[in-house]
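Participant: Sequence:
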Amino acid sequence: MQGLSMRALLGLTVAGLLIGAAADVPDAAKIVADRQATMQGFAKKVRLIKSFADGEDNAPAALEAAQAILETAQRLPALFPAGTSLADLPDIKTHAKPEIWTENERFRATAARLAGQSEALVAAIGRGDRSGTATELGAVGRVGCGACHEAFRAPLD
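This note's numbering applies: residue 14 is where the sequence shown begins, and numbers increase by one.
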């Protein structure tokens, strides 16, 4: 190490730090794509649950779909790491408004309401209550999905 100058040593240290920092930077495009796939999955699950409420004999599949919505609702805030809003990513198609982070407590409360409402949906399907399932599914749409989209999602193109 005696042959290395202080400048060279400093340069190597900075290069190492930059490489380490680059490895820690999440892939924003992948995060957004995964998040969008999750939301599209919600829509498919909702259609499956609605078909149960409308009389289709698919209670096990509807229950599985509702449980998946609940599990996703519980981890929803983790799908929105800082730096993944439409303001942060002008070259990536995302509809996540910066308000998710500037009003994060409100965002998290909305996600918690979605989780709570999803629990009620799971319970209604578990009881085989088609009417209750329809009611709870409507509430999931208003209290959870709709409330979040209204406040925290930019209009779709």
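For the record, the hints were derived by calculation from the structure and aren't laboratory data. One thing to keep in mind: the hints can contain errors.
Unchecked claim - In the BS3-like style, the derived pairs of lysine-lysine whose C-alpha atoms are separated by at most 30 Å in a straight line are:
# : residue 1 : residue 2
1 : K43       : K58
2 : K43       : K57
3 : K57       : K106
4 : K43       : K106
5 : K110      : K63
6 : K110      : K43
7 : K106      : K58
8 : K110      : K57
9 : K110      : K58
Participant: For the pair we were handed, K57 and K106, check the Cα-Cα distance against 30 Å.
Facilitator: holds (21 Å)
Participant: Could you grab the alpha-carbon distance between K110 and K57 and see if it respects the 30 Å cut-off?
Facilitator: holds (24 Å)
Participant: Take a quick look at whether K106 and K58 sit within 30 Å of each other, Cα to Cα.
Facilitator: Since the Cα atoms of K106 and K58 sit roughly 23 Å apart, the hinted pair holds (cutoff 30 Å).
Participant: Check the hint pairing K110 with K58 against an upper bound of 30 Å on the C-alpha distance.
Facilitator: Answer holds: K110 to K58 is near 24 Å, not above 30 Å.
Participant: Is it true that the CA of K43 sits at most 30 Å from the CA of K58?
Facilitator: Answer holds: K43 to K58 is near 22 Å, not above 30 Å.
Participant: Is the straight-line distance between the alpha-carbon of K110 and that of K63 30 Å or less?
Facilitator: holds (29 Å)
Participant: Would you mind confirming whether the straight-line C-alpha gap from K43 to K106 stays at or under 30 Å?
Facilitator: With a Cα-Cα distance of about 11 Å, the restraint between K43 and K106 holds, given a limit of 30 Å.
Participant: Can you confirm whether the C-alpha distance between K110 and K43 stays at or below 30 Å?
Facilitator: holds (18 Å)
Participant: Could you grab the alpha-carbon distance between K43 and K57 and see if it respects the 30 Å cut-off?
Facilitator: holds (21 Å)
Checked against the numbered hints listed earlier, the structure breaks none of them; every hint is satisfied.
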